[in-house]
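Using the sequences and the accompanying hints, generate a full structural model.
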Amino acid sequence: MKVFVIVVLVAQIILATEVLEKELNENNQFYKNTLKEYLEHSYTFAERFAGMCEKVLADLKQHDDGSEFQSQKAELEDVLHYVAAMKKDENEKTLEHMLKLHEILLSAAKEFKETHQAKQTLINQLFEKYGAKVIVHDFRKGFVEYLKNFETNFVEYEQSLSAEQLESQGKLIQWFKEFKEEQSFAKKFTSFVTFFKFFAPNLLKNE
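Positions 108 to 314 (my numbering) are the ones given, in order, by the sequence shown.
Everything labelled a hint here was simulated from the structure, so no lab data went into it.
It should be emphasised that the depicted structure is a prediction, and the values quoted were computed from it without experimental measurement.
Treat each hint with caution, since some may be false.
Here are the computed lysine to aspartate or glutamate pairs in the EDC-like style, where the Cα-Cα straight-line distance is at most 16 Å [as the list claims (entries may be wrong)]:
| hint | residue 1 | residue 2 |
| --- | --- | --- |
| 1 | K255 | E288 |
| 2 | K200 | E147 |
| 3 | K287 | E265 |
In structure tokens form, the structure reads like this:
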């Protein structure tokens, strides 16, 4: 009888753990796996992007006369700050830094694309000099593939949920349907950030 009771208790603990691992919080196993994969995928790229920004910033400080590029210099310094603050582990603070860094990159890529033809500014020329076009291309290519894998993993996660869990996570499921249909890379990547907020609501709250 004691053995039976122990078996039942162990089974209850295991089942309870499985339920907890699928709740919308930071203990959710799918969230934790996605966070780890995202940071591992991003870290090498982040260092590469920061290396380019450091060179651009150094050149700007040599050429800049007055405050013409103050906002750009501040943004470049932010990039260096975020990368320096990162660690190769899966915590929310590292995630915040990485998401902010990628947001800066998307903004820079948009600005670079809009002004590339005219080559109107020194900063545009410096980004081109230090390989911005290649870095943005590699960023896009790498994350297109990453997001495809994420979609596959999400479908597997959704299929593993019970009817009750599907109902309680209805907003997340609806978000994924819209996310999957989005064709614009920039909009899709921006939407991807929302995934983390379902599990960590305070993420970037003070931004």
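Results for each hint:
no. : hint           : in the structure
1   : K255 with E288 : holds (12 Å)
2   : K200 with E147 : holds (15 Å)
3   : K287 with E265 : holds (14 Å)
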